[in-house]
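Peer 1: The lines below spell out each chain.
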Amino acid sequence: MTFHPIALLIMLLVPLCSISQEVFPVNGAPDYREHYYFLDGATIHLNPDETIENGSMIIRDGNILAVGQNLDRPEGAIFKDVRGKHIYPSFIDLSTTYGIPEARLAGPRPDKQVFTSGKKGAFAWNESIIPEYEASSEFDHDEKSAGEFRQMGFGTVLSHRKNGIIRGSGVLTTLLGHSPHKSILNARASSHLAFSRAQSHQSTPTSQTGIIALIRQFYLDTEWYQLLGHQEMTNLSLASWRRLRDLPQIFEVTDKLEVLRAARIAQEFNKLYIIRGAGDEYQRADEIAKTRLPLIVPVNFPSPYDVEDPLDADIVTLEQMKHWEWAPKNLAVLAEHDIPFAITSDLLEDKKLFLKHVRKAIGYGLPEDEALRALTIRPAEWLGESARLGQLKEGYLANFLITDKPVFDKNAILLENWIQGQPHVIQDPPSSLALQTFQLSIEGMRYQMSVDTKGEKLTLVAPDSSRIQGTLQEELDRVLFWIPFSAGAKTLIGHRMKNGDIQGWYEDENGNTSTFKAVFEVIDSTHRTSQRDTFRIESELTYPFSAYGRTSLPAQKTYVIQNATVWTNTDSGIRPNTDVLIRDGKIERVGNVTPPQNAEIIDGTGMHLTPGIIDEHSHIAISKGVNEASLSSSAMVRMSDVINSEDINIYRQLAGGVTTSHILHGSANSIGGQSALIKLRWGASPAELMFEDADPFIKFALGENVKQSNWGEANTVRFPQTRMGVEQVYEDHFTRALEYGERKASGLPFRKDLEMEALLEVLNGERFITCHSYVQSEINMLMHLADRYDFQINTFTHILEGYKVADKMKAHGVAASTFSDWWAYKYEVIDAIPYNATLMHDVGVLTALNSDDAEMGRRLNAEAGKTVKYGGLTEEEALKLVTLNPAIMLHIDDRVGRIEKGMDGDVVLWNDHPLSIFASAQKTFIDGRLYFDRAGNEKKETQIAEERRRLIQAMIRAKKGGTPTQKANHTVEPQYHCDTLDF
Amino acid sequence: MWPTSILMGSYSSVFLRFGSSFYLIGLLLTGWSILHGQNAPAPPQEESVTLRGGTIHTGNGEVIKNAHLKFEHGKITYLGTARQEADRIIDVNGYHIYPGLIAPHTDLGLVEISAVRATRDFQEVGEYNPHVRAIIAYNTDSRILPTVRSNGILLAGISPQGQIITGQSSVVQLDAWNWEDALVKDTSGIHLNWPRVYTYDSKSRRLSKDKEYEKNVKNIERFFESASAYGHRIDHGKTNLRFEALSGALKNQVPVFIRADHRKAMLDAVDWSKRLGIPIVLVGAEDSWMIAETLAKENIPVILSSTQRLPRTSDAGITSPFEAPAILEKAGVLWAISHEGSWEQRNLPFQAGQAVGFGLEEEKAIQAMTLNPARILGIDDRYGTLETGKSATLVISDGNILDPKSSIILQAFIDGREIDLNNHQKELYRKFAEKYGIEK
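Protein chains in written order, with our numbering: chain A, 1 to 983; chain B, 984 to 1423.
These are calculated hints, taken from the structure and not from any lab test.
A few of these clues could be false.
Claimed, not checked - In the EDC-like style, the derived pairs of lysine to aspartate or glutamate whose C-alpha atoms are separated by at most 20 Å in a straight line are: (1) K808(A) with E1095(B); (2) K826(A) with E1095(B); (3) K1194(B) with D807(A); (4) K826(A) with E1417(B); (5) K1198(B) with D695(A); (6) K1186(B) with E102(A); (7) K1414(B) with D807(A); (8) K967(A) with D1184(B); (9) K1186(B) with D982(A); (10) K1418(B) with D831(A); (11) K1198(B) with D309(A); (12) K80(A) with E148(A); (13) K1192(B) with D309(A); (14) K1418(B) with E34(A); (15) K1414(B) with E102(A).
What the hints assert, rightly or not - Derived Cβ-Cβ restraints for the label pairs, each shown as a range: (16) P1262(B) with E600(A): 24 to 32 Å; (17) K1418(B) with L785(A): 41 to 49 Å; (18) E1163(B) with T716(A): 22 to 30 Å; (19) V717(A) with K1221(B): 46 to 54 Å; (20) A106(A) with R1189(B): 35 to 43 Å; (21) R1189(B) with F719(A): 32 to 40 Å; (22) E1276(B) with P101(A): 36 to 44 Å.
Backbone N, C-alpha and C fix where the C-beta goes; we use that ideal spot for every residue, glycine too.
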């Protein structure tokens, strides 16, 4: 006997389609239920824009069969009276780990650094890149957690494993609470990314900049793999990207700046990320709006700090206190900026507060329809599930909420949460008698009877206006009234009738049964109107949001600084009694200036005007790791990816006269990362801080740090461990870069390698090296190496033994940026001398002094003064060490470093000799904008103190009002140095 | 310029700089011979010396211009404006004379290269180590010492570090053959790290209230109580070295130096001191300016940490560490300036100088490195000021010692001994300047 193959297929398919349940064996007679319901009489909110009053809904088999007014009650459906109730689509949460086990660290922590992946098989080299992971493969329902989500109002969640950078796929499931086979709506619904390491013993990455490099290289590798790479090798991680790339890409971040960082990657690789934010987006809403990326936003409003003890308040910052005040406003701010967002319960510690917090956000100005949209149709749309989720329409999943009042009302109760047509009671309704009034007739008397809000107490008012207070309780359909009449207390046993009246009986004092009747009068409507709180914020939104932030960038004005001693750094030297005109951000005239109209005149009498200080070696304004400290080369990482515009050290250094800082990678490896050059435009965004069109640099490092001499026993396996090896790291990398360049130039397809690209730029003279260095042998080595590869080292930094090879340095044409007087902190600085800068300068090496330290960075002027003491540099030359010379080193001396016509308006007005420790910057200008003003700073300090006092009082009030508080605490921002290894 | 000239041994330029100064040659010849002596400690003063014509900063706030200062056998025998003859006359016209500066709290000499474990001798194992003595590890041959000395720091409070009670400090002078010779005062204090009020969790990077704080404070109190009870017993059974070492403190002969920075910790330490009746000195005391009035009222001396540090939080006034000294001074607190680390001590005068732009009078800045630390360390009977009868421990500077650009130290004396201001770094400078043919 033969079957036609198609016929066979049909035979196989038919039973599967119609009675799919039978794929499971059933023990005993199956208890099939269709969950066929007719809900009638509710206000049904189909979606944020459509509401039907007195509507009905027919549910069957998990779906909505019909919804509308005047629907006929179908035969065989269970009737449910929902008069007076409200029905909403259940919410959708896009950021959960529901039903997914946590990733665990495998095995004990190894005692040495680990460079390769511990994962077996042909997967990505880095354990944090896990595109092959599918959340659905481990998903199982979890009733406890499902219950928690349903209580918040969620019906559907997108669940993924929070582990790694490229995290693999997420699973979309309802909160049915059983049967994953039914609850899973899409087993591969989304692709997830984050700036966070996987649970792994592997050393890479150690920094956020390293993470970003990994993501960028991953995207390049997937392209290459698809094109050619798969012919050369098998890489299951790269291969599995095909399954993810067209899915919604959800990117988890931990603060507002990371939103911008993710957006930068999105732009480079033409991705559309949906960004799971952290709840502080209002602090940089303008920039975030410009990214046009949608957000998933938590409602993790912080509880107030316990600052009743003013001594403890010392450690809580104004930023934290203001965030307490502002966090509930976040969603409203996003809505004002037209940023599309969904709301998640993620990051909220006490999930019971979810609805309360959403309502609070509404109280702070979030439009209600936006709130509902953010919880329903928007997440549905983003997942491509608009045809079955997020609204109440025919054919949609029967996922809906029943509430007693509009869901965002202050006291609205979430009664039921229906998931795929199955009801889950969330909370029992309050007594049906609450707030109702009746005419009670008993023993020939008539009383006005009214019930309180909870349905527990009643008040009788007799015709003579005398009052009796009683109680009531309900059990099933019975109502028991206990009333202490003057003649004696009675217990009435009543039943509610269809028309709302209550009839019943009681025993009188003689044991005889009598009847009573309470005629339903009216529902107290005053309590039915919507109840909303509205809130107001007193503190200002500043940029950054911390203390000393500003409400807007300072204006670019026309300034005339009159009669100052001007350190020009030009042939005209130090000019006494001189005026300087700054207009449109540029220095326009130095000499005698007739002030133009509208110019702001600053009296510089007795003061000194110098070019802004340039710190050639700085690690301020960096987020989450200065070192990608794992591999010996991290040429692919970029400090520009992790600029932290909110770092208070920007402001502190402005106060020290610094206007430009070279932000360097640390010195944990021979080839560090790509540098960023910023102007200290306090208040601006990371992108706006960047020094425009500056030449690109890269950090190299030599000596003890790169050979890990002082980092303990765990760090003894990486190549190199000696200075001999350091040379070979360079030899190796530049050899490979040359070969890479040849391949690239050949026109043949090639794998774009971000590390090699950076090194190739060095070889091509398009990227310049700042090299951390100490002893003469290694300094000499690197110059020889550069000669062999035909390029020039731009700058040796630290260069504490530079004085020993200053002649060779001069011959090579390398500049030196050193410390004034540091030494003795490690073996390689044993011959460091404070005369180093002077000696190198005198030999003819272009020399600068730098900080490498957030504290020293704010007094580089006096550090330069030390060269007058140590070695007798002239004062004019001494000042150049921190102004013109670093400008030349950084190839920006056409813009900054001198006071002359055409230069940027980056100048500092000092109240004393600028090399003196007694001097302090009174005004610091960048681009002709007054970024720091000593007098203004004093005002700010007063404001901060006042603001703190007000917020502390507000928090104490909140505590006294019963709001749970958190212990005084604050997050300590790391101060980075070259050798800081912390993330 | 002048200091280079000394270094280069270029007599002619020095002569030009000093014009008609006859005495200068003698000075330089002395200096020159010392330069080749590998920093040998100077012998006791035999010749009488008069410094003629300088501006004397006495260390107690006074300034005497065109002064004459004579010292013999290590002691100052005259200070005033009358002409004094002596075996040796040094013309210091145009220069500034200060008492030898005192670094009151440092691990100078206890560590050579902080990254090299073998050279770290400042921290012992264990929580309560009152018996441990810093002086024992003090290395008079440290290569760091000459670099510190040559910036005018001539005395130091050598202090141990550690967990709770870290040990005993001593005061040394920085030109000696061995620690025994270096001693100025043997046990100058018992050092205690006040328990943390707030704990830092490195994983969350969060600082929050330490749950154990109260308990930890009580534990320290119990230790002192036990030591006190031990001290009152005649029959000791077994000797407890740790308790024995506290006896000076318990008899109010030796102050307890308490390291604390948050104002809560400091206020609690002050209460503790009153409760136990033990004199204390607050060390570090970053937030002391916030409670300056209280500290003045309770007569609590403060050894203030570096002014060149960052404010503790982002809210704090950006120059609050610079302003702290003026606030303490105004309130009447007895305070001294200190600086972290070992080699960094050479920048001690600039810690004081940093406060001058922010309200502190210059002479008060000097006093915070001279008289005040001498009082706090209990050596003010001999050191800390320039006055008749006191040790001739002094520094001659070309310009203002508080400002790096003018803090050019020309000569220094400890107990009348002219000490060698040469150091390893100057030698390297000379060596390479010569190689490159650089002359100034």
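Peer 1: Hints first: check each against the structure and report whether it holds.
Peer 2: Consistency of the hints with the structure:
The straight-line distance between the Cα atoms of K808(A) and E1095(B) is roughly 31 Å, outside the 20 Å bound, and the hint therefore fails. Between the alpha carbons of K826(A) and E1095(B) the distance comes to roughly 9 Å, so the proposed pair stays at or under 20 Å and holds. Restraint check for K1194(B) and D807(A): the C-alpha separation of about 60 Å exceeds 20 Å, so the hint is violated. For the hint linking K826(A) to E1417(B), the alpha-carbon distance of about 27 Å lies beyond 20 Å, and the restraint is violated.
With a CA separation close to 57 Å, the supplied pair K1198(B) and D695(A) exceeds the 20 Å bound. Simply put, K1186(B) and E102(A) have alpha-carbon atoms about 19 Å apart, close enough for the 20 Å limit, and the pair holds. For the proposed pair K1414(B) and D807(A), the alpha carbon gap of about 14 Å is at most 20 Å, so the pair holds. Taken as a hint, the K967(A) and D1184(B) pair is honoured in the structure, with Cα atoms around 14 Å apart against an allowance of 20 Å.
Under the criterion of a C-alpha separation no larger than 20 Å, the hint pairing K1186(B) with D982(A) is consistent with the structure, at around 10 Å. Of the supplied pair hints, the one linking K1418(B) and D831(A) holds, its CA atoms being roughly 16 Å apart against a limit of 20 Å. Restraint check for K1198(B) and D309(A): the C-alpha separation of about 19 Å stays at or below 20 Å, so the hint holds. Restraint check for K80(A) and E148(A): the C-alpha separation of about 25 Å exceeds 20 Å, so the hint is violated.
About 12 Å separates the Cα atoms of K1192(B) and D309(A), which keeps this hinted pair within 20 Å; it holds. Of the pairs offered as hints, the one joining K1418(B) and E34(A) is violated, with about 98 Å between alpha carbons and a cut-off of 20 Å exceeded. At roughly 64 Å between alpha-carbon atoms, K1414(B) and E102(A) are farther apart than 20 Å, so this suggested pair is violated. One distance hint, 24 to 32 Å for the beta-carbon pair P1262(B) and E600(A), is violated here, with the actual separation near 56 Å.
For the pair K1418(B) and L785(A), the supplied restraint of 41 to 49 Å is violated, since their beta-carbon distance comes to about 24 Å. Under the hint 22 to 30 Å, the C-beta atoms of E1163(B) and T716(A), about 41 Å apart, miss the expected range. One distance hint, 46 to 54 Å for the beta-carbon pair V717(A) and K1221(B), holds here, with the actual separation near 49 Å. Between A106(A) and R1189(B), the C-beta spacing of about 28 Å breaks the proposed range 35 to 43 Å.
Between R1189(B) and F719(A) the beta carbon distance is about 37 Å. The supplied range of 32 to 40 Å therefore holds. In this structure the hint that E1276(B) and P101(A) lie 36 to 44 Å apart at CB is violated, the actual value being about 59 Å.
Comparing the model with each numbered hint stated earlier shows that hints 1, 3, 4, 5, 12, 14, 15, 16, 17, 18, 20, 22 do not hold.
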